[in-house]
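Novice: Chain by chain, the residues:
There are 2 protein chains.
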Amino acid sequence: MTELTRATEDQRLSGAELSEAWRILDAGERVDGFRLLSPTEGEEFFLALSAHDQFELMAALTPAERKLWVRLLAPDDAADLLQEAPEAERPALMALFDEPTRREVTTLLAYAEDDAGGLMSPRFARVRPEMSVDEAILYLRKQASQKLELETIYYAYVLDNQQRLLGVVSFRDLFRAKGASAVRDVMHTDLVSVPENMDQEAVGRLFAQHDLVALPVVDSEGRMKGIVTFDDIVDVVQEEATEDIHKIGGSQALDAPYLEVGLPSMVRKRAVWLAVLFLGEMLTATALGFYVDEIERAAILAVFMPLIISSGGNSGSQASTLVIRAMALSEVRLRDWARVLRREIASGLALGLILAAIGFLRIVLGHELGGKYGEHFLLLGATIGLSLLSVVLWGSLAGAMLPFLLRKLRFDPASASAPLVATIVDVTGLIGYFSLASWLLRGTLL
Amino acid sequence: MTELTRATEDQRLSGAELSEAWRILDAGERVDGFRLLSPTEGEEFFLALSAHDQFELMAALTPAERKLWVRLLAPDDAADLLQEAPEAERPALMALFDEPTRREVTTLLAYAEDDAGGLMSPRFARVRPEMSVDEAILYLRKQASQKLELETIYYAYVLDNQQRLLGVVSFRDLFRAKGASAVRDVMHTDLVSVPENMDQEAVGRLFAQHDLVALPVVDSEGRMKGIVTFDDIVDVVQEEATEDIHKIGGSQALDAPYLEVGLPSMVRKRAVWLAVLFLGEMLTATALGFYVDEIERAAILAVFMPLIISSGGNSGSQASTLVIRAMALSEVRLRDWARVLRREIASGLALGLILAAIGFLRIVLGHELGGKYGEHFLLLGATIGLSLLSVVLWGSLAGAMLPFLLRKLRFDPASASAPLVATIVDVTGLIGYFSLASWLLRGTLL
Numbered sequence: 015m016t017e018l019t020r021a022t023e024d025q026r027l028s029g030a031e032l033s034e035a036w037r038i039l040d041a042g043e044r045v046d047g048f049r050l051l052s053p054t055e056g057e058e059f060f061l062a063l064s065a066h067d068q069f070e071l072m073a074a075l076t077p078a079e080r081k082l083w084v085r086l087l088a089p090d091d092a093a094d095l096l097q098e099a100p101e102a103e104r105p106a107l108m109a110l111f112d113e114p115t116r117r118e119v120t121t122l123l124a125y126a127e128d129d130a131g132g133l134m135s136p137r138f139a140r141v142r143p144e145m146s147v148d149e150a151i152l153y154l155r156k157q158a159s160q161k162l163e164l165e166t167i168y169y170a171y172v173l174d175n176q177q178r179l180l181g182v183v184s185f186r187d188l189f190r191a192k193g194a195s196a197v198r199d200v201m202h203t204d205l206v207s208v209p210e211n212m213d214q215e216a217v218g219r220l221f222a223q224h225d226l227v228a229l230p231v232v233d234s235e236g237r238m239k240g241i242v243t244f245d246d247i248v249d250v251v252q253e254e255a256t257e258d259i260h261k262i263g264g265s266q267a268l269d270a271p272y273l274e275v276g277l278p279s280m281v282r283k284r285a286v287w288l289a290v291l292f293l294g295e296m297l298t299a300t301a302l303g304f305y306v307d308e309i310e311r312a313a314i315l316a317v318f319m320p321l322i323i324s325s326g327g328n329s330g331s332q333a334s335t336l337v338i339r340a341m342a343l344s345e346v347r348l349r350d351w352a353r354v355l356r357r358e359i360a361s362g363l364a365l366g367l368i369l370a371a372i373g374f375l376r377i378v379l380g381h382e383l384g385g386k387y388g389e390h391f392l393l394l395g396a397t398i399g400l401s402l403l404s405v406v407l408w409g410s411l412a413g414a415m416l417p418f419l420l421r422k423l424r425f426d427p428a429s430a431s432a433p434l435v436a437t438i439v440d441v442t443g444l445i446g447y448f449s450l451a452s453w454l455l456r457g458t459l460l
Numbered sequence: 015m016t017e018l019t020r021a022t023e024d025q026r027l028s029g030a031e032l033s034e035a036w037r038i039l040d041a042g043e044r045v046d047g048f049r050l051l052s053p054t055e056g057e058e059f060f061l062a063l064s065a066h067d068q069f070e071l072m073a074a075l076t077p078a079e080r081k082l083w084v085r086l087l088a089p090d091d092a093a094d095l096l097q098e099a100p101e102a103e104r105p106a107l108m109a110l111f112d113e114p115t116r117r118e119v120t121t122l123l124a125y126a127e128d129d130a131g132g133l134m135s136p137r138f139a140r141v142r143p144e145m146s147v148d149e150a151i152l153y154l155r156k157q158a159s160q161k162l163e164l165e166t167i168y169y170a171y172v173l174d175n176q177q178r179l180l181g182v183v184s185f186r187d188l189f190r191a192k193g194a195s196a197v198r199d200v201m202h203t204d205l206v207s208v209p210e211n212m213d214q215e216a217v218g219r220l221f222a223q224h225d226l227v228a229l230p231v232v233d234s235e236g237r238m239k240g241i242v243t244f245d246d247i248v249d250v251v252q253e254e255a256t257e258d259i260h261k262i263g264g265s266q267a268l269d270a271p272y273l274e275v276g277l278p279s280m281v282r283k284r285a286v287w288l289a290v291l292f293l294g295e296m297l298t299a300t301a302l303g304f305y306v307d308e309i310e311r312a313a314i315l316a317v318f319m320p321l322i323i324s325s326g327g328n329s330g331s332q333a334s335t336l337v338i339r340a341m342a343l344s345e346v347r348l349r350d351w352a353r354v355l356r357r358e359i360a361s362g363l364a365l366g367l368i369l370a371a372i373g374f375l376r377i378v379l380g381h382e383l384g385g386k387y388g389e390h391f392l393l394l395g396a397t398i399g400l401s402l403l404s405v406v407l408w409g410s411l412a413g414a415m416l417p418f419l420l421r422k423l424r425f426d427p428a429s430a431s432a433p434l435v436a437t438i439v440d441v442t443g444l445i446g447y448f449s450l451a452s453w454l455l456r457g458t459l460l
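Which chain is which? The protein sequence lines are C and D, in order. Numbers given in this note's numbering equal positions in the first sequence, counted from 1, plus 14. Numbers given in this note's numbering equal positions in the second sequence, counted from 1, plus 14.
Since the hints were made in silico from the structure, they are not lab data. For clarity, every value in this text was computed on a predicted model and none was experimentally measured. The C-beta atom is built at its ideal place from N, Cα and C for all residues, glycine as well. Careful, some of the hints might be misleading.
Anything over 12 Å on all C-beta distances counts as not near chain D; from chain C, calculated [unchecked claim]:
1) Pro136
2) Leu173
3) Asp199
4) Met212
5) Phe425
So the derived list for chain C, only partly shown, Cβ under 7 Å to chain D, looks like this [as the list claims (entries may be wrong)]:
6) Ser265
7) Leu277
8) Glu310
9) Ala313
10) Asn328
Next up, chain C with everything else stripped away, as it sits in the complex (with noise of 0.2 Å):
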């Protein structure tokens, strides 16, 4: 930051001023906010910032200013700022690190960005295993205070002369022990660590499984090349969830924040699965084609169809959500099918029984109140509580498998969104509606 853009005291912002206001300024007013503020609470305001708004932020500063706040970020996040600029716009932006930062940067960029390597930092904190407590503790301190700031110097992981990972000792621990004692008498061998390749949704189950503040990242050879943080898994844990719920919800995931995704890209987005979802959807003119004297004959049975259908297709979205979530917690398992099946069986039963005896009902009711329905009332009443019950029923089931199915063929489960299951339903539960009031309602009224 230069004198010149540095504003006064009596004119400064506060960053959760900036924050507050964020969202509606526009690349302008944001860069005018930014430089409001204090330089501490902008070195914060800027950290905390997304890659996306930090790249927007960037483009927007003086060359000067963009090396200065660049210089801020720990190679994990610049590696995510360089991922947000366009492939001509990287090497401009590579220029701004220094050396040592650049070759770091470099390396972590060769990881997918959905990897462990991709998400790891190469700036932890290592001791040797000969070394005496003491020793750690100076050493550790002497790291501390190096220019490249460390992730974290409250673990330190304990490495032989071929850069493998043999331990992990926490600061405490050697806080606790006598100064003499070895480094290796004093560490932890039974540590947890991942393979580079690690997808992260993988890593964030098991930070939340064991508690940790990082994981160390080892190739194949058990060389460790860094670590993943709590903080980059908090981020990560939210952004798996919003990807699922996107999908879930009948759209592919915007991989931004709603109010920022430009017009044409959330259009796209929405308009491949609505109109693949539609072009499914049509089955269910093409099925209908064959019941037109039906309806002609009892249109009755036109009026009962939007109730059918939509009921199997929300008991369907029921069932393919709850295993859905319970498949990304790890919940339920590939193996568990059967298991599953056998629940959405009993809960289908029951769910479809309520509807069922609602719906019977309903026709019984109405028809006592206002005589609507004819002479042939009660069949008509088992017609539409038989077709809510089966179509509940396999709904439920269609819903719950349909998850299986597509991971067992390595697509992401959360594709079954409640739309596509609505749409296997409403086609099959038609086809099985009219098949039932053929059967049922033949010599009466049909």
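The hints should help you fit chain D onto chain C, whose structure is shown.
Specialist: Relative to chain C, chain D alone:
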């Protein structure tokens, strides 16, 4: 763990093996497996279990074992365990704790489970502002080696003699500072703290924004009551996302893993919404009751009915899930409703035009290929196209605005589930469709 129940080396099971099998074991098998773990693995395994599983496991252990294991729990986790127990069994469980823990747990139980107070642990490291850095390090070392384990020694909170929070000092700060400086001069005073009754979802957002390891919790007079640590937050973030996903799918949140919810409870949590939606969807039958004549005269209108209402439901489901998630992440707030409305008008029009074009083409092509739509096929195509455009636009608007309405009325916006939006759009969409058809097709098909 007594000698009697402890297995010999060769019978031992690893924690990972037990975790793997846990979900498919019954209570007795779980206890047997648990007793086969080595003491270290048993400890790690027990602490990683959910409060629910801990409670069930406890019930199957001997009283002596029970006492040993509960004493491993930090007070916040102990309070969670107690909340799993029926009211009548709590005093017996409480009696297992040592006196200081019992006092802490009693205090924590007074907070709502979803508040910052319900998440926090009272075991934080504290120092006085007038201490020197060297004194503070010594004092922390003493606190770290006490019997009651602190949640973290890496952040020490600076309190005055009224227990009011003045600042925070990280171990790293102390480590780098000169030994003779006063804590007062090293501490950070610009710290984020949260009130006791802040909702856990808001606490989770603060963690994500500020990349914190721990957040201090203060009462209304600024007195520090405890800390919330990052490991509780990953769980909170997952839990909140799970609740939202369950609601978006159209059921109540299960509040437990899918395979572990009792069947009656699962059916109850799904039946309520399913029945409400069913009652709402009955309005489609009521509405269609007014169009029986039209359906008898032009059964073709009924044939396209599912296609049209499902398109409205699908676009509504997309819009509502995108808005619900954006609200949960604070990307969209109540006052942003007009901006969201403008975006959805634009997206809804674009998406509606796409589907209208496909729908129109399908009818024209269907006519050219099979001739089944009669001489008025262009008029029918226009009716279907126009209905699709209106229903998709209407679905997008209704889906996007319903979460705002729910939040305004202080309900959970996530209750604007895909099925609820679909139901609303089904009823209104049908009326729109038949009104449009009556107007455009009068004198031809009708």
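Novice: Does each hint fit the structure? Answer for all of them.
Specialist: Evaluation of the provided hints:
1. Every CB of chain D lies more than 12 Å from the CB of C:Pro136, the least distance being 18 Å, so the non-interface label holds.
2. Consistency note on C:Leu173: stated as away from chain D, and its beta-carbon is indeed over 12 Å from all of that chain's, at 21 Å minimum.
3. Distance to chain D confirms C:Asp199 as a non-interface residue, since its nearest Cβ pair spans about 16 Å, more than 12 Å.
4. Its beta-carbon lying about 16 Å from the closest one in chain D, C:Met212 satisfies the requirement of being farther than 12 Å from that chain.
5. Look at C:Phe425: its CB is around 18 Å from the nearest CB on chain D, clear of 12 Å, so calling it non-interface holds up.
6. Given hint, C:Ser265 at the interface with chain D, holds; its Cβ is 5 Å from that chain's nearest Cβ, closer than 7 Å.
7. For C:Leu277, the interface hint holds, since its Cβ comes within 7 Å of a Cβ in chain D; the closest pair sits about 6 Å apart.
8. The beta carbon of C:Glu310 comes within 5 Å of a beta carbon in chain D, closer than 7 Å, and the hint placing it at the interface holds.
9. The interface hint given for C:Ala313 holds, since its Cβ lies 4 Å from the closest Cβ of chain D, which is under the 7 Å cut-off.
10. Checking C:Asn328 against chain D: minimum C-beta separation of about 4 Å stays under 7 Å; hint holds.
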